[in-house]
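With these hints in hand, go ahead and build the complete structure from the sequences.
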Amino acid sequence: MSLRDVALRVLPARLRPLALKHRELLKFGVVGSVAYLVDNGTWYLLKLTVLEPKPVVAKAIGVILATIVSYILNREWSFDTRGGRERHHEAALFFAISGASLFFYTAPLYVSRYVFDLEQPHVSALSQEVADFLFGSIVGTVIAMVFRWWAFKKWVFPTADARAPRRDRKLGKLVPYTGPTGVVDHTPSKN
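Numbering of the sequence shown is given in my numbering, commencing with residue 321 and proceeding in unit increments.
Hints are computed from structural coordinates only; laboratory data are not their basis.
Any given hint could be a false lead.
To be verified - Below, computed lysine to aspartate or glutamate pairings styled on EDC-like, alpha-carbon distance capped at 16 Å:
#  : residue 1 : residue 2
1  : K374      : D437
2  : K347      : D400
3  : K473      : E344
4  : K473      : E396
5  : K473      : D400
6  : K374      : E439
7  : K374      : E449
8  : K474      : E449
9  : K347      : E396
10 : K347      : D325
11 : K341      : D481
12 : K474      : E344
Next comes the structure, spelled out in C-alpha cells:
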C-alpha cells in the first residue's frame, strides 16, 4: 500500500475527492514544509552561532539551501506530470523565481529588525526572537509561498500532463499517455 493510499484512507470519505483534485497543491505544501524545516533549521543554526550579528544574511542562506531542496522535490514529485520546457530552462526559471521570492522571504524580517527596531537593545531578547520568528518564518514564508505557487505553475511548469507520472517513468511501463499535443504516446517519457 502506497503512502498516498494510506493518507487517503485516513481522510473522511467526503474529503477524498477534494484531496485528489488538489493533489498537486497538497504535494507542493508537503515540499514546502520540508523546505521550511531546512530554511529555518539553517537560519537559526547560523543566526545563533557564526552569523549572530547578521540575521538577514543567515535567513538568505537558509532560503538558498531550501530552494535547492525544493527544486528537486517539486520537479520530481509535486509537478511530476507538468513540464513544457527543457530541463535547463526550467531550472533557470525555477531559480530565478526563487531568487525573486528571496525578497518576499527577507523583507518582513528586515522591516521587523530595522524599521520597527524589534532588536536588542530596543526590545528584550525574547521579544526579538518572537518578532524574528513571526516576521521571518511566518509572514515571509506565506507571502513567498503564494508567489512561488503562482509563478511555478505559470512559468516553470506551465503545461499540465506534459510528462508521464513519475511512477510510470520509473517502472518503465509502456502506458498509454496523452501528451500535451493530445496524441497518445505508448512509450515512457525520457524526461
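Evaluation of the provided hints:
1. K374 <-> D437: 15 Å, holds
2. K347 <-> D400: Distance of about 10 Å is within 16 Å: holds.
3. K473 <-> E344: 10 Å, holds
4. K473 <-> E396: This hinted pair holds, its Cα atoms lying about 15 Å apart.
5. K473 <-> D400: Given that 16 Å is the threshold and the Cα spacing comes to 12 Å, the pair holds.
6. K374 <-> E439: Holds - the C-alpha atoms of E439 and K374 are around 12 Å apart, at most 16 Å.
7. K374 <-> E449: 14 Å, holds
8. K474 <-> E449: Status violated; Cα separation ~36 Å.
9. K347 <-> E396: 11 Å, holds
10. K347 <-> D325: 14 Å, holds
11. K341 <-> D481: This hinted pair holds, its Cα atoms lying about 14 Å apart.
12. K474 <-> E344: Answer holds: K474 to E344 is near 14 Å, not above 16 Å.
The structure fails hint 8 only (numbered hints given earlier).
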